[in-house]
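Given the coordinates of chain A, assemble chain B onto it according to the supplied hints.
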Amino acid sequence: MKKDSTIEDSLLIKKAQDGNEGAFNFLMTKYYPRVYASLYSFTKSKEDSEDLAQQTFIKVWQQIATFRGDSAFFTWVYRIAINLAKNHFVSSSYKKDKINVSTSDTDFDIPSYTNPEQDLMHYESLDKIKRYVDKLPEPLKTAFTLRESEGKSYEEISIITETPIGTVRSRIFRARENILTYISEDLLDG
Amino acid sequence: MDNIEEKISALYDGELGDTEVDEVLLMIENDINLQNKLSKYALISSAVRQQKNNVQSITSSRRSKKFNFWVSNSITAAATVLITFFAINQFDLNRMGEDLSAKNQINIAVNSKEAKDTANRAEENLVDHVMEVINNQPNDNMTSYNVDLRNVGYTRTSPNSRTYNKGNKNFILRIEKNNLGIKKVRNWQHKDKMIYVVPMQDGKVLTLYGNIDQKSALEIANSINIK
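So the protein lines, in turn, are chains A and B. When we follow the working numbering, the leftmost residue of the first sequence carries the number 1, and every step to the right adds one. When we follow the working numbering, the leftmost residue of the second sequence carries the number 1, and every step to the right adds one.
Chain A extracted, bound-state conformation (with noise of 0.2 Å):
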């Protein structure tokens, strides 16, 4: 069974609800690139994403204490941030990186697209991080891919290896920490 963000995160959840800026700082660290990446969908646009994530956070922390648990965290988070971009989108004020307007009916505008280039880059680069992750030793690569991809528990990631929990911890760990090392290595490499 899969944990949703709500009981994954129960715990810090708490505490942030509670006051605990610390708990809410490892939250929002956490769900940054989704936010960011979420927001940059919708802008294409790197200044608006950051300024509007940051919007979020603020907006997040103003209002942890109304979060009930109905949907899973990230989805409310989600649904913040999504409603502040459409919300640029609408507004008068967003002026810049857009597409022209060539007829009279037309009253908001469109954040200029990516270019083949940038994407043919960036496939690149995510096929690395794939290799990154086959290149760990398989117990590692196995624990990670269950934790990673297929959102088990680690009890669950312990049941289907047949290895205690401790172990489970501390592959995911190291899987995490070679795949950093790979990163280097290759920014090294040139």
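Derived by calculation from the structure, the hints in this document are not laboratory data. Note that the structure is a prediction, hence the values are computed from the model and not measured.
Distance windows between CB atoms, simulated: (1) B/S158 / A/A65: 53 to 63 Å; (2) B/N168 / A/S149: 43 to 53 Å; (3) A/D18 / B/T163: 51 to 61 Å; (4) B/G167 / A/D186: 40 to 50 Å; (5) B/D202 / A/K141: 50 to 60 Å.
Going by beta-carbon spacing under 10 Å, a handful of chain B positions derived as facing chain A: (6) I8; (7) S9; (8) L11; (9) Y12; (10) D13; (11) G17; (12) D18; (13) D22; (14) L26; (15) I28; (16) Q35; (17) S45; (18) S46; (19) V48.
Virtual Cβ for every residue (Gly too), placed ideally from N, Cα, C.
Frame of chain A, contents of chain B only:
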């Protein structure tokens, strides 16, 4: 150090006991390297789970102006190490056990909750729709159809394709079940392409996206019984 980093990894996965969480949070709060480590774990996680057709580059160099989150500093450091990280699909909710229908429910909930009035809501829907068209993302609201445009001189690029052409004119045709709240033809320019959104008599909406002028678009729309 490995021990605290392993604990951060476990806390990231929601697998750390209550008694250890406070200890880890305190250590992270006072150590920029640990904050960076956490943000790198988050970047890897996003990269691994992202979908290939939604890959985008992100290199962050700006810092938070308004709020002192760890992330405002650590995300920049992490990005310089990773060079790029990968934008997950905006609707990548699979990990939480959600699916495309949930995506639509969320959108509906978002719209009904946040829209100030009907007009604003219609505009938001239209923004969503145009963004989907540009991103070439079919949605659950699209109808399956088989439109023959040979009577106005356009042929499909392949038997089941949504792309039609005639000479140097070509466009993608979509038909949505929902009228998106529009009552008249709307159009936009995106780079060298045009987007025409046309309400149909039966409540559906026709969308043409491509290298096509307004006169041709309306001729095509009229040929398939458009209001």
